[in-house]
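Chemist: With the hints as your guide, set chain B onto chain A.
Okay, here's what each chain looks like letter by letter:
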Amino acid sequence: MSHRRVAVVGAGMTKFVRFAKETPGELAYQAGKMALESCEMDISQIDSVSIGSAPDAFDGFHMKGEMLAEPSGGWRKPVMRNYVGGGTGVMSIIHGWQHVASGLFDTCLVVCEEKMSSAFPHPAGAFLTIFDHTTEQPIKPTLLWIFAIEMNRFMHVHGYKKEEIALVAVKNKKNALDHPAAQLGAEITVKDVLNSEIMAWPVNRLDVSPTSDGAVAIVLAAEHIARRVTEKPVWVDGVGWTLDSAYWCTRDLYYPDYVEVAARKAYEMAGIKEPSKEIHIAEPYDPFTYKELHHLEGLMLCPRGGSVKMLLDGVTQRNGNLPVCPSGGLLGVGNPISAAGLMKVAEIFWQLRGEAGKRQVPGNPKCGVAQAWGDLMQVGTVVVMRN
Amino acid sequence: MTISNKQMTKEMIEKTVTSLSREDVIGNKVITSKWEPKLQYAWDNGPAIGRYLAELKNGKLIAKKCRKCNRIMIPPRMFCELCWRPTDEWVYVKDSGTVNTFVISHVDWKAGRLDIKGGVRPFTPAVIEIDGASEGMGILHMIDEIDPQKIKIGMKVKAIWKKPAEREGAITDILYFKPR
Numbered sequence: 003m004s005h006r007r008v009a010v011v012g013a014g015m016t017k018f019v020r021f022a023k024e025t026p027g028e029l030a031y032q033a034g035k036m037a038l039e040s041c042e043m044d045i046s047q048i049d050s051v052s053i054g055s056a057p058d059a060f061d062g063f064h065m066k067g068e069m070l071a072e073p074s075g076g077w078r079k080p081v082m083r084n085y086v087g088g089g090t091g092v093m094s095i096i097h098g099w100q101h102v103a104s105g106l107f108d109t110c111l112v113v114c115e116e117k118m119s120s121a122f123p124h125p126a127g128a129f130l131t132i133f134d135h136t137t138e139q140p141i142k143p144t145l146l147w148i149f150a151i152e153m154n155r156f157m158h159v160h161g162y163k164k165e166e167i168a169l170v171a172v173k174n175k176k177n178a179l180d181h182p183a184a185q186l187g188a189e190i191t192v193k194d195v196l197n198s199e200i201m202a203w204p205v206n207r208l209d210v211s212p213t214s215d216g217a218v219a220i221v222l223a224a225e226h227i228a229r230r231v232t233e234k235p236v237w238v239d240g241v242g243w244t245l246d247s248a249y250w251c252t253r254d255l256y257y258p259d260y261v262e263v264a265a266r267k268a269y270e271m272a273g274i275k276e277p278s279k280e281i282h283i284a285e286p287y288d289p290f291t292y293k294e295l296h297h298l299e300g301l302m303l304c305p306r307g308g309s310v311k312m313l314l315d316g317v318t319q320r321n322g323n324l325p326v327c328p329s330g331g332l333l334g335v336g337n338p339i340s341a342a343g344l345m346k347v348a349e350i351f352w353q354l355r356g357e358a359g360k361r362q363v364p365g366n367p368k369c370g371v372a373q374a375w376g377d378l379m380q381v382g383t384v385v386v387m388r389n
Numbered sequence: 003m004t005i006s007n008k009q010m011t012k013e014m015i016e017k018t019v020t021s022l023s024r025e026d027v028i029g030n031k032v033i034t035s036k037w038e039p040k041l042q043y044a045w046d047n048g049p050a051i052g053r054y055l056a057e058l059k060n061g062k063l064i065a066k067k068c069r070k071c072n073r074i075m076i077p078p079r080m081f082c083e084l085c086w087r088p089t090d091e092w093v094y095v096k097d098s099g100t101v102n103t104f105v106i107s108h109v110d111w112k113a114g115r116l117d118i119k120g121g122v123r124p125f126t127p128a129v130i131e132i133d134g135a136s137e138g139m140g141i142l143h144m145i146d147e148i149d150p151q152k153i154k155i156g157m158k159v160k161a162i163w164k165k166p167a168e169r170e171g172a173i174t175d176i177l178y179f180k181p182r
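Keeping their order, the protein sequence lines are chains A and B. Okay, so the first sequence: first residue is 3 according to our numbering, each after it adds one. Okay, so the second sequence: first residue is 3 according to our numbering, each after it adds one.
Worth flagging that the hints you see were computed from the coordinates, not collected in a lab. There may be inaccurate statements among the hints.
Stated by the list, open to error - Below, simulated DSSO-like cross-link-like pairs (lysine-lysine); rule was C-alpha separation at most 27 Å, straight line:
#, chain 1, residue 1, chain 2, residue 2
1, A, Lys23, B, Lys112
2, A, Lys193, B, Lys154
3, B, Lys31, A, Lys23
4, A, Lys234, A, Lys368
5, A, Lys176, B, Lys17
This is chain A alone, in the form it adopts within the complex:
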């Protein structure tokens, strides 16, 4: 496969909060502006814009991509919006990568924005219409159910316990204390997680990421531009994405095949043969505690059924052998759907440049992976980055 080398050269983000006064456009502008300023580029140097934003139902506005185009610096530029549910954030860098890798554009500003707080009484209600309107919606499902359904199956097949999985929340919320944009950084215990309100067993309140408003942006550039812009480009060495069947009740939910398929594509492109040895830092998608573990298995960073051992052994701590969600993840930093996925990409960018401040993992990591998940437990989006 022939394509040009693409680097991330800048990144920026807003603070993640439950209710932002700013409009979606104002959030997108803040993130885009900060990303450009971080690499001292001007909007005139941006050839194309890729926007990621999740369901229009959150905003109650069905021209969301168009509404976000100008705030994202897209006036009279080629702008495209993508949406694959929770997978959108990592899909967006893949989308922008296609723009630049293809040779069509030299630069691309990738902006992901989500404002969930406009929907009442709770944005969870907006998810009812992701289910099949005839065979599932009449049962009145909520998104919490499909996560709880998947978590129960995952625990059942591997014999994992809730008190083990709860350690993911403890780790990620603690990591988020060091993230300046975080919504829910906290020192909590396993007991706090187990004693928090039961939402949909086996999911308790502290197993779940919050609803959030926020935006994240990154700047992508072809190699000849990247080397002029920065001394520390972070290369997008592998991308992969895939969709599994929307008949989600037909798949054995204990294992995310779609993540494995996407990861294999990304690893092959990046020349990675032994992911657990060659990848130094990972930001798998963690909207729920068990999801981090589920995705680590799908990313083949541990054997199937081996993720809890890795967690208990401290391997995934920030100072462990494979730091996982050193940002604080969705559980700690927050979950403005599409922006949360791109936040993971930005974290890998900062970590590989040694610019993650208090969150910096030791040992000068050289290779990182970010991954997101979405739609009806069916989308896997994976990106491999190196410095």
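Modeler: What follows is chain B alone, placed relative to chain A:
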């Protein structure tokens, strides 16, 4: 040429957002404009789900088979998504099955809390693998007539139907599944 890129600081991030509270928004402490959509849709269901619904009204579950991969699929579909070819014959399957996974939910579809302390039974949705369909072929439905704490993965269940006169050709013509 400058290559000394700026690093993001806490001060920079703090300036990006004005954080409000729920009271600010719903209590009109900041000016908000509100809209309550009352959109209506009539969804056509196509030949596959159309037949599925008609059979539900008859108190039966029907699936469709793909002769290439030999899967018997429920809900039925006009094409096999794996082989990407038309499906073949209709196959009646049983109204019983096995719990593949389940939930004990204390919330409704809009995250509203059920009054569990007041005696409301938690919702217990499950993926139920249907007998007679291919292995692992499940549908989403409710479990009832059992203490939620006693539901187990692998439990055998059967459908409890609405009375024939009350059925309307909907997945809710099955009220729930109960242990058998």
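Chemist: Would you mind marking each hint as holding or not holding in the structure?
Modeler: Cross-check of the supplied hints:
Distance restraint check for Lys23 of chain A and Lys112 of chain B: the Cα-Cα separation of roughly 23 Å lies within the 27 Å cut-off, and the hinted pair is therefore satisfied. Between Lys193 of chain A and Lys154 of chain B the alpha-carbon distance is near 25 Å, which keeps this suggested pair within the 27 Å criterion. The straight-line distance between the Cα atoms of Lys31 of chain B and Lys23 of chain A is roughly 11 Å, inside the 27 Å bound, and the hint therefore holds. Taken as a hint, the Lys234 of chain A and Lys368 of chain A pair is honoured in the structure, with Cα atoms around 12 Å apart against an allowance of 27 Å.
The suggested pairing of Lys176 of chain A with Lys17 of chain B holds, with an alpha-carbon distance near 23 Å, which does not exceed 27 Å.
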